[in-house]
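Asker: Sequence:
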Amino acid sequence: MTTESSVSTRRSLVPGVQVVGRAAGLTALSGVVMTGVAALVHGAEPAAAAAVGAALVTLVVSFGTASLHVVASAMPTASLLVALVTYLTQLAIVLLVFLAITRGDLFASVASRGWLAASMVLATLVWTASHLVLTARQRVPYFDLPTGGEGR
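Residue numbering for the sequence shown follows full-length UniProt numbering, beginning at 1 and increasing consecutively.
Misleading hints may appear alongside valid ones.
To be verified - Just the calculated beta-carbon pair ranges, DEER-fashion: (1) LEU106 / THR128: 36 to 44 angstroms; (2) ALA44 / LEU81: 21 to 29 angstroms; (3) ALA44 / THR102: 12 to 20 angstroms; (4) ALA44 / ARG139: 42 to 50 angstroms; (5) VAL37 / ALA78: 37 to 45 angstroms; (6) GLY25 / VAL85: 24 to 32 angstroms; (7) VAL133 / ARG103: 46 to 54 angstroms; (8) PRO76 / PRO146: 17 to 25 angstroms.
What the hints contain is simulated information worked out from the structure, not anything from laboratory work. Each residue gets a CB set at the ideal place from its N, CA and C atoms; glycine is no exception.
Sequences and hints are given; from them, build the entire structure.
Answerer: Put into structure tokens, the structure is as follows:
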């Protein structure tokens with residue numbers, strides 16, 4: 001009799017990739033809405049700033065989360081460490097790009113910088129909420145049940 005599980009501990013990437021794709025799509029959609037509102041209210045430059053902000057958040061967070069899914073499927077024991085490092089890296093990248101944009105001459109007007117920041121905040125909130133809801137709806141077991149009956 002052996003105590004080893006016949007089920008592999010490696011997880012499939014498909015559910016994680018689907019969640020990342022859907023969350024990225026919803027985040028991009030919020031960026032499109034924000035860009036349209038900025039264009040109607042203030043014009044082309046604030047609309048471009050809103051588009052850049054939403055695209056930045058969508059790309060950075062999607063890439064980081066997809067990378068985390070790859071590591072978690074290959075080495076589940078390392079996923080917490082990779083999640084923490086990924087989160088800090090994402091935060092640093094978004095903050096550094098935001099600082100570079102606001103300190104440069106790319107979006108010089110106050111309105112453009114406001115739309116950039118607002119778009120980044122909205123995209124982050126939409127990503128977080130959609131990723132949370134979509135992940136919670138996935139039917140992924142937390143553990144594998146032993147085969148061959150109970151009570152042995």
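Asker: Hints first: check each against the structure and report whether it holds.
Answerer: Each hint tested on the structure:
1. Here the CB-CB span from LEU106 to THR128 is close to 26 angstroms, at odds with the stated 36 to 44 angstroms.
2. At roughly 44 angstroms, the beta-carbon separation of ALA44 and LEU81 lies outside the given 21 to 29 angstroms, and the hint is violated.
3. In this structure the supplied range 12 to 20 angstroms holds for ALA44 paired with THR102, their Cβ-Cβ distance being about 19 angstroms.
4. Distance hint for ALA44 and ARG139: a CB-CB separation of about 45 angstroms, consistent with the stated range 42 to 50 angstroms.
5. Separated by about 42 angstroms at the C-beta atoms, VAL37 and ALA78 satisfy the suggested range of 37 to 45 angstroms.
6. In this structure the hint that GLY25 and VAL85 lie 24 to 32 angstroms apart at CB holds, the actual value being about 26 angstroms.
7. At roughly 36 angstroms, the beta carbons of VAL133 and ARG103 sit outside the given window of 46 to 54 angstroms.
8. In this structure the hint that PRO76 and PRO146 lie 17 to 25 angstroms apart at CB holds, the actual value being about 19 angstroms.
Hint check: violations occur at hints 1, 2, 7; the rest are consistent with the structure.
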